[in-house]
Amino acid sequence: MQDYREFIDEVLVDASSIEKRVAELGAQISQDYAGEELLIVCMLRGGITFTADLTRFLTIPHTLDCMSLSSYGVGHYASSGNVRVNFDLMTNIEGRNVLLVEDIVDSGRTLAHVLQMLRTREPKSLKVCVLLDKKYRREVPVDVDYVGFDVPDKYVFGYGIDIDEHYRHLRFIASADLKKYKKEADLNKGLSEK
Amino acid sequence: MQDYKDIIAEILIDEKTLQKRVKELGAQISHDYDSQDLLLACVLRGGIVFMVDLMRHITVPHALDCMALTSYGVGARASTGNIRMSLDLQTNIENKNVLLVEDIVDSGYTLFHVIEMLQTRRPKSLKVCALLDKEERREISVPIHYRGFSIPNKFVFGYGLDLDEYYRNLPFVAVVDLEKYKPPA
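Protein sequence lines, in the order shown, are assigned to chains V and H. All you need for this note's numbering is the position in the first sequence, starting with 1, plus 41. All you need for this note's numbering is the position in the second sequence, starting with 1, plus 560.
Derived from the structure by calculation, the hints contain no laboratory data. Incorrect hints may appear among the rest.
Quick list of the computed label-pair ranges, beta carbon to beta carbon [stated by the list, open to error]:
| no. | chain 1 | residue 1 | chain 2 | residue 2 | range |
| --- | --- | --- | --- | --- | --- |
| 1 | H | Ser667 | V | Ala68 | 36 to 42 Å |
| 2 | H | Arg644 | V | Glu47 | 18 to 24 Å |
| 3 | H | Glu739 | V | Ala68 | 43 to 49 Å |
| 4 | V | Arg62 | H | Arg581 | 37 to 43 Å |
| 5 | V | Arg62 | H | Arg682 | 23 to 29 Å |
| 6 | H | Lys714 | V | Met131 | 44 to 50 Å |
| 7 | H | Glu676 | V | Met131 | 23 to 29 Å |
| 8 | H | Glu739 | V | Met158 | 38 to 44 Å |
| 9 | H | Asn655 | V | Asn127 | 32 to 38 Å |
| 10 | V | Asn127 | H | Lys714 | 17 to 23 Å |
| 11 | H | Phe715 | V | Asp194 | 47 to 53 Å |
| 12 | H | Pro703 | V | Gln157 | 43 to 49 Å |
| 13 | H | Ser595 | V | Arg62 | 34 to 40 Å |
| 14 | V | Glu47 | H | Ser667 | 23 to 29 Å |
Computed from a prediction, not measured in an experiment: that's the story for all the values here. Quick reminder that beta carbons are idealized off the backbone N, C-alpha and C, glycines included.
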């Protein structure tokens, strides 16, 4: 695996800014749901880091569940088609306050689909909290109730967001210079040729 | 839901001790897998908090995947019988170094079955990292390569571990006072 310093374009959000903003979001959510109970739904796998940190700042009673989604399509169609639920909620959300926690929203298609699907279960409320919002990429309107940061239309990684499954552990969010990034397969090829 | 302060018998492991130990485990793992690639397999949902903190201290290249397990049995059989993978790994682990990340090991049955099942996929290596080890409760022998803390046979919660689904977000591990705790209706 390449050292991220070799292909980093710029740090978009540094670690202390993330920490501060996540604390603010936690306080805001706790205030908005004061006197209520909340189900936090972590969208796997990108949302794990954000969820773990966000819940540390919640002062209201809450439970945690996870969902894993994939797309039926491939390539260009991947984010335009229906959404497949790989792993559904263990919790019955009927009559409950539900907050979806996502790492990033771009086209909004996946999110719009999952919201539609979950609404059929008649939750008391259904809101969305995303760490990063790539607004310029939006293709379908979708209500995002809590946003960590607006980010430009760049290839981002770190703080839960991967490039080819790596770099999720980084405490900051950076953009990648894809010209400098070497795909894992190429690196492996290089190794076996030695 | 009751305030956690009303149901705590004692704080078993405080935040500072936890964070220090998680950092040590991360350093140890980074050392042991030096110049190798690693897949962290988090067992949902209890293992999430531990894994997020742990991976921040892992300096070797690593990917992340999740598994969710449920039991086929009920009652006493639930903890000894076969397990159902309600969410399987997305990654093909053949020839990969895999580290299972668990919040707690008690009887060991679940872990035993997961290891058995994953071994059939021929990973390069398969190890276990558990934050808490309730050794007294062990009924079947399982390997734990990285252990956060050995703890007594008490009802614990916090730092990813729930009490009827609540309190996972507490930054410490505490023992419940079962005389004061009232489960939600």
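Structure-based check of all given hints:
1. H:Ser667 <-> V:Ala68: 36 to 42 Å: 40 Å, holds
2. H:Arg644 <-> V:Glu47: 18 to 24 Å: Because 43 Å falls outside the window, the suggested range is violated.
3. H:Glu739 <-> V:Ala68: 43 to 49 Å: Violated - the Cβ-Cβ distance for glutamate 739 (chain H) and alanine 68 (chain V), about 33 Å, lies outside 43 to 49 Å.
4. V:Arg62 <-> H:Arg581: 37 to 43 Å: About 28 Å separates the Cβ atoms of arginine 62 (chain V) and arginine 581 (chain H), which means 37 to 43 Å is violated.
5. V:Arg62 <-> H:Arg682: 23 to 29 Å: Hint violated: Cβ distance 43 Å, outside 23 to 29 Å.
6. H:Lys714 <-> V:Met131: 44 to 50 Å: 26 Å, violated
7. H:Glu676 <-> V:Met131: 23 to 29 Å: Holds: the Cβ-Cβ distance is about 24 Å, inside 23 to 29 Å.
8. H:Glu739 <-> V:Met158: 38 to 44 Å: About 43 Å separates the Cβ atoms of glutamate 739 (chain H) and methionine 158 (chain V), which means 38 to 44 Å holds.
9. H:Asn655 <-> V:Asn127: 32 to 38 Å: 24 Å, violated
10. V:Asn127 <-> H:Lys714: 17 to 23 Å: Between asparagine 127 (chain V) and lysine 714 (chain H), where Cβ atoms are some 36 Å apart, the hint is violated.
11. H:Phe715 <-> V:Asp194: 47 to 53 Å: 49 Å, holds
12. H:Pro703 <-> V:Gln157: 43 to 49 Å: 45 Å, holds
13. H:Ser595 <-> V:Arg62: 34 to 40 Å: Since the Cβ atoms of serine 595 (chain H) and arginine 62 (chain V) sit about 35 Å apart, the hinted range of 34 to 40 Å holds.
14. V:Glu47 <-> H:Ser667: 23 to 29 Å: 46 Å, violated
Consistency note: the structure conflicts with the earlier hints numbered 2, 3, 4, 5, 6, 9, 10, 14.
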